[in-house]
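Chemist: According to the numbering used here, the sequence shown is numbered sequentially starting from 945.
Rather than coming from a laboratory, the hints here were simulated on the basis of the structure.
Computed from a predicted structure; not experimentally measured.
Cβ coordinates follow ideal geometry from the N, Cα and C atoms, glycine included.
Check before you lean on any hint, since a few could be wrong.
Pair by pair, the computed Cβ-Cβ distance ranges are [stated by the list, open to error]:
#: 1; residue 1: Leu1084; residue 2: Glu1144; range: 39 to 49 Å
#: 2; residue 1: Ser1413; residue 2: Trp1004; range: 41 to 51 Å
#: 3; residue 1: Val1417; residue 2: Glu1144; range: 53 to 63 Å
#: 4; residue 1: Trp1004; residue 2: Thr1291; range: 45 to 55 Å
#: 5; residue 1: Pro1364; residue 2: Pro1218; range: 41 to 51 Å
#: 6; residue 1: Leu1405; residue 2: Trp1316; range: 14 to 24 Å
#: 7; residue 1: Val1011; residue 2: Glu1079; range: 40 to 50 Å
#: 8; residue 1: Thr1044; residue 2: Ile1397; range: 18 to 28 Å
#: 9; residue 1: Ile1078; residue 2: Leu1312; range: 17 to 27 Å
#: 10; residue 1: Arg1384; residue 2: Lys971; range: 38 to 48 Å
#: 11; residue 1: Thr1291; residue 2: Val1246; range: 38 to 48 Å
#: 12; residue 1: Tyr1391; residue 2: Val1246; range: 37 to 47 Å
#: 13; residue 1: Glu1079; residue 2: Thr1291; range: 38 to 48 Å
#: 14; residue 1: Arg1384; residue 2: Val1011; range: 19 to 29 Å
In silico DSBU-like links for lysine-lysine, alpha-carbon gap of 35 Å or less [said to hold, decoys possible]:
#: 15; residue 1: Lys971; residue 2: Lys1109
#: 16; residue 1: Lys1106; residue 2: Lys1344
#: 17; residue 1: Lys1294; residue 2: Lys1134
#: 18; residue 1: Lys1109; residue 2: Lys1185
#: 19; residue 1: Lys1134; residue 2: Lys1352
#: 20; residue 1: Lys1292; residue 2: Lys1419
#: 21; residue 1: Lys1185; residue 2: Lys1106
#: 22; residue 1: Lys1352; residue 2: Lys1193
#: 23; residue 1: Lys1363; residue 2: Lys1193
#: 24; residue 1: Lys971; residue 2: Lys1360
#: 25; residue 1: Lys1352; residue 2: Lys1185
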Amino acid sequence: MSSAASSSASKSGEVSAQVAPRVFDWKSAFSLAFAFISPIVALYGIFFLVFLAAGPASIWAFAIVLVAQIFVAAVFGQLASKWPFAGGVYAWTKRLLGATTGWFAGWAYMWTLMIAIGSAAYIAMLFVPVVLGIEPFDPLSQVLWASVFVLVGTLLNLLGTKVLKAVAIVAVIIEVIGSIGLGTYLLLFKQTQPVSVIFETFGSGYGEGPWIWSGLLAAVAFVGWAFVGFESAGDIAEEVKDPERAVPKAMILSILIVGSVVLFSALAVILAMPNIEAAVTGESADPVADTIIHHLGAEVVVPLFGMFVLAFMATFVTAQAAASRVIWGFAKDNMLPGSAALSKLSTKSKIPANAIVVTAVVPILVILTSLWGAGYSTLVLFAIAGFYISFAFPVLGLVKSQYDGTWKPGVFNLGKWSKPVTLVAAIWLLFELVNISWPRDTSAPWYVQYGVIIIVAVITLVGALIYSSRKDVIKSSNS
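Construct all of the structure, not just a fragment, from the sequences and the given hints.
Modeler: What follows is the structure in structure tokens.
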């Protein structure tokens, strides 16, 4: 066990001395992060919204967010190298800004992950009926099948880390075929639009005002959902060999490679579109699928959507693994009600089985809110903003530490570039948080327009109540 892990194991606030075995190397940590971000889910899950906002020029939104998130990943790499502890965001914030701030950072991140994996299961059910050759699910059936999806993914996680690694490897193979292979074919043999089209908006936009302030910024907000998950390599740091070096490499490579694949695939789809006007106006409800069907025929729909379902399952399983490690890291420090149970590792496979179960129950509850429409949509909006709220805590903490002169880097560091990179990452996260939360759809009910702010307030209030019940324990926790 590394000295960092030994330090973690000796903290006085812990309720368990159990130590997870180091079963992952940097390649498997990379695969897990890669599967979490998922080029297929990242592109196809939001392409319709992004294209409505900015048309073909939306490709630049993908580029902007990718570059900005690489800055964030570089900052997280430094933090993970110095503190390779389970829970990532929580562990780093606690050591930079204290136990109380760390608790709220972890609380926000924990809920963000559980809402996100619930929404991934629900969205995956949009593709299942096509794969099975049946009529689309009614709302109740979609909820029931999404819950089954959660249970299957949870079972895969409960089977242990060998299965988790296998899921990640299969996910990488699927992504290579579904993103790189298909994108290459479309770009080389089915290009129907000139490259200059990526500088055109085709009259798209979001709200009043010129494109640069409406369409592009809205597209950037939507793309913000696509390039998260790279930090999951840090969530499992205590199970990674040589984490001080392996985790930063896994995080940075995962966002860099996935982002490049998404950019490539998005460009291929845009240039292969047979009817851009139909996509911009919303006449084409699924521009990606319609483009592929136009060039390859309707017979590709079933295998294509089957690939989508597998990609969503891989995202669910890897994201659930990350969420369970956040809860486990919390519980080891006695930060949550039921910490004694949540901090336990299973006897045989040495995984946080109880924490994994929690990350199945809560997403199913999230899925149930879809029966009330606006409540589910609002939760999904929070999941997008929640990543940026969670990320901002440790990044702002590092800015403070660097400018106070108290920061001492670990094995991986950016040298003289550390301060400017961290400052850029902090500015980006704050900007994107405001951009995501901004009430653009003025025709929607007020609680939808301000949904992100409302859910942030509710989760903060619930967190404050739980925090107050454990305040003495949390404040006495040593960093």
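Chemist: So which hints don't hold here, by number, going up?
Modeler: 16, 17 and 19
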